Amino acid sequence: MNQTNELVERYLYDVTRRLPEKERGEVGLELRTSINDMLGDNPNDSEITQVLEKLGDPQILSESYRSKPRYLISPAIYDLYISVLKTVVVIVAAVCGCAGIVSIFFSDAFGALLEGGTYAIDSIELIGGRIGSIISAMLDGALQAALWVTLGFAIADRTGGYKAKTSWSVSNLPKMPAANEAKIPRASSITGMVLTVFFTLLLIAMILQNKLYFVFSNGHELINPFSRAALVRFLPYLALLGVMGFLMNGAKLFWGKWNIPLCVLNAIYNFATVSITIYVLHWEDLFSAEFLAFMQERSGSDTVVTIITSGGLIALFSAVFILGAVVNVISAAVKTFKGMRN
Amino acid sequence: MPDDDLLQGLIVDLRRGTLVLAVLSSISSPKYGYSLLQDMENRGIRIEANTLYPLLRRLESQGLLESKWDTGESRPRKYYMLSERGRELYAKLRSEWRRMANEMENILREDELQ
Numbered sequence: 035m036n037q038t039n040e041l042v043e044r045y046l047y048d049v050t051r052r053l054p055e056k057e058r059g060e061v062g063l064e065l066r067t068s069i070n071d072m073l074g075d076n077p078n079d080s081e082i083t084q085v086l087e088k089l090g091d092p093q094i095l096s097e098s099y100r101s102k103p104r105y106l107i108s109p110a111i112y113d114l115y116i117s118v119l120k121t122v123v124v125i126v127a128a129v130c131g132c133a134g135i136v137s138i139f140f141s142d143a144f145g146a147l148l149e150g151g152t153y154a155i156d157s158i159e160l161i162g163g164r165i166g167s168i169i170s171a172m173l174d175g176a177l178q179a180a181l182w183v184t185l186g187f188a189i190a191d192r193t194g195g196y197k198a199k200t201s202w203s204v205s206n207l208p209k210m211p212a213a214n215e216a217k218i219p220r221a222s223s224i225t226g227m228v229l230t231v232f233f234t235l236l237l238i239a240m241i242l243q244n245k246l247y248f249v250f251s252n253g254h255e256l257i258n259p260f261s262r263a264a265l266v267r268f269l270p271y272l273a274l275l276g277v278m279g280f281l282m283n284g285a286k287l288f289w290g291k292w293n294i295p296l297c298v299l300n301a302i303y304n305f306a307t308v309s310i311t312i313y314v315l316h317w318e319d320l321f322s323a324e325f326l327a328f329m330q331e332r333s334g335s336d337t338v339v340t341i342i343t344s345g346g347l348i349a350l351f352s353a354v355f356i357l358g359a360v361v362n363v364i365s366a367a368v369k370t371f372k373g374m375r376n
Numbered sequence: 217m218p219d220d221d222l223l224q225g226l227i228v229d230l231r232r233g234t235l236v237l238a239v240l241s242s243i244s245s246p247k248y249g250y251s252l253l254q255d256m257e258n259r260g261i262r263i264e265a266n267t268l269y270p271l272l273r274r275l276e277s278q279g280l281l282e283s284k285w286d287t288g289e290s291r292p293r294k295y296y297m298l299s300e301r302g303r304e305l306y307a308k309l310r311s312e313w314r315r316m317a318n319e320m321e322n323i324l325r326e327d328e329l330q
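Taken in order, these protein sequences are the chains called W and X.
When the letters of the first sequence are read in order and numbered with our numbering, they come out as residues 35 to 376.
When the letters of the second sequence are read in order and numbered with our numbering, they come out as residues 217 to 330.
Heads up, a few of these hints could be off.
As the list claims (entries may be wrong) - Taking lysine-lysine pairs in the DSS-like style, the calculated list, with each CA pair at most 27 Å apart, reads:
| no. | chain 1 | residue 1 | chain 2 | residue 2 |
| --- | --- | --- | --- | --- |
| 1 | W | Lys102 | W | Lys209 |
| 2 | W | Lys291 | W | Lys217 |
| 3 | X | Lys284 | X | Lys247 |
| 4 | W | Lys209 | X | Lys247 |
| 5 | W | Lys88 | X | Lys294 |
| 6 | W | Lys120 | W | Lys209 |
| 7 | X | Lys294 | W | Lys102 |
| 8 | X | Lys308 | X | Lys247 |
| 9 | W | Lys209 | W | Lys372 |
| 10 | X | Lys247 | W | Lys88 |
| 11 | W | Lys102 | W | Lys88 |
| 12 | X | Lys294 | X | Lys247 |
| 13 | W | Lys291 | W | Lys120 |
| 14 | W | Lys102 | X | Lys284 |
| 15 | W | Lys372 | W | Lys217 |
| 16 | X | Lys308 | W | Lys56 |
| 17 | X | Lys284 | W | Lys56 |
The hints are simulated quantities; they were obtained by calculation from the structure and are not laboratory data.
Small disclaimer: the values here were computed from a predicted structure and weren't measured.
Produce the entire structure from the sequences given, and follow the hints as far as they go.
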């Protein structure tokens, strides 16, 4: 005679609901019969309770029926997952933050703040609100990044995308961490990436909005040292420099220490940036007419202007840039060499 | 961790290793869950219901046991029995156990004599 008992049914439900659908039916059936066997005929409530408590926590029982352990990210790739997660989230949050900060500079509120006046206090409140929205944008970005990284790893894990380690041999041993001179701290690479993005975006926005803050003031007039035409023409080069800087820092982050590929990349990067810089410096219309006029006024003679336009100043700056690049490339090469020697 | 608990834990670990062998040796004729549990208890094998029932399913999925549902009586019952493969593996496992028990006994005796 089939005994249905509410307590037993609830117990069975709690055990089977955590199991995959296919198994639920059979496990439930089998377990119900076993429980009823253990109870005998016409059990009273305390006997039922005793038997069920002897069987124990439904969650634990259910777990022991499972063939495979359950997890989102398997232990095998968990370390990799955590390190990727940390890196990506920090970068995304920082980039969101930078974009937000740049947008503050170009909000109406900030402009009003600069001009002072009665609207200044309202502007401060508005900026406070802006900062709030930046923080929430950073959080949003960080959460999204975390979600996609986690999803990516969970899916890769289940589709077997990650090659399971078959067997370990001595050749799998990691090399000793490079000598300190050759190591590139992660923090510095990440900071480099973030700052590159920030300043590039800032400069691009400034040029586009025609609001340069590095200006000279001639009484009431703000004078832009560089001509508008030159600045606009500079935009794609600026973007290119930004991208290259970002990638260069990304490469540093990826390798974490100076090695041959990174050293070569660094040389290429320096060569490219110096070339672009020198090329731009030699544009004839680089300096704005107002600026040149201003310099002439201030110095009271033609000499300063001549120095600027004749290219002497430009040549000096170019030499400085080239020297800087050469020092950079050589120091990187030295570090690479030292790192390899160990 | 108090000594008693620790000891109990170690004993449970020891016993866990012999569980499968004990189950296989008790199932020479087809049995269903509860009857197997009672048989094993009668033979002095200490095993809990919440250990045995999932274990039976696992042994079946490993091919050591076969099962058959008997819907004749008032309660539908799933009977387990040794499969052909199970029979072979049980024999091998049994002789392996005897060898191990022997080795263990020698080691322990040596240690006691010192």
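Quick rundown of the hints versus the structure:
Using a Cα cut-off of 27 Å, the hinted pair W:Lys102 and W:Lys209 is violated, with the two alpha carbons roughly 35 Å apart. Our distance criterion of 27 Å between C-alpha atoms is met by W:Lys291 and W:Lys217, whose separation comes to about 4 Å. In summary, the hint linking X:Lys284 to X:Lys247 is supported, as the alpha carbons are separated by about 10 Å, within the 27 Å threshold. Proposed proximity of W:Lys209 and X:Lys247 is contradicted: the alpha carbons are some 58 Å apart, above 27 Å.
Between the alpha carbons of W:Lys88 and X:Lys294 the distance comes to roughly 22 Å, so the proposed pair stays at or under 27 Å and holds. Of the pairs offered as hints, the one joining W:Lys120 and W:Lys209 holds, with about 23 Å between alpha carbons and a cut-off of 27 Å not exceeded. Only pairs whose Cα atoms come within 27 Å are accepted, and X:Lys294 paired with W:Lys102 is accepted, the gap being roughly 23 Å. Between X:Lys308 and X:Lys247 the alpha-carbon distance is near 22 Å, which keeps this suggested pair within the 27 Å criterion.
Under the criterion of a C-alpha separation no larger than 27 Å, the hint pairing W:Lys209 with W:Lys372 is consistent with the structure, at around 15 Å. This hinted pair checks out: X:Lys247 and W:Lys88 have alpha carbons roughly 22 Å apart, not beyond 27 Å. A C-alpha spacing of about 25 Å is found between W:Lys102 and W:Lys88, which places the hinted pair at or below 27 Å, so the restraint holds. Of the pairs offered as hints, the one joining X:Lys294 and X:Lys247 holds, with about 8 Å between alpha carbons and a cut-off of 27 Å not exceeded.
Taken as a hint, the W:Lys291 and W:Lys120 pair is honoured in the structure, with Cα atoms around 19 Å apart against an allowance of 27 Å. For a cut-off of 27 Å, the pair hint linking W:Lys102 to X:Lys284 stands: about 24 Å separates their Cα positions. At roughly 10 Å between alpha-carbon atoms, W:Lys372 and W:Lys217 fall within 27 Å of each other, so this suggested pair holds. A distance of roughly 33 Å separates the Cα atoms of X:Lys308 and W:Lys56; the hinted pair therefore is violated under the 27 Å criterion.
At roughly 18 Å between alpha-carbon atoms, X:Lys284 and W:Lys56 fall within 27 Å of each other, so this suggested pair holds.
The structure fails hints 1, 4 and 16 (numbered hints given earlier, in ascending order).
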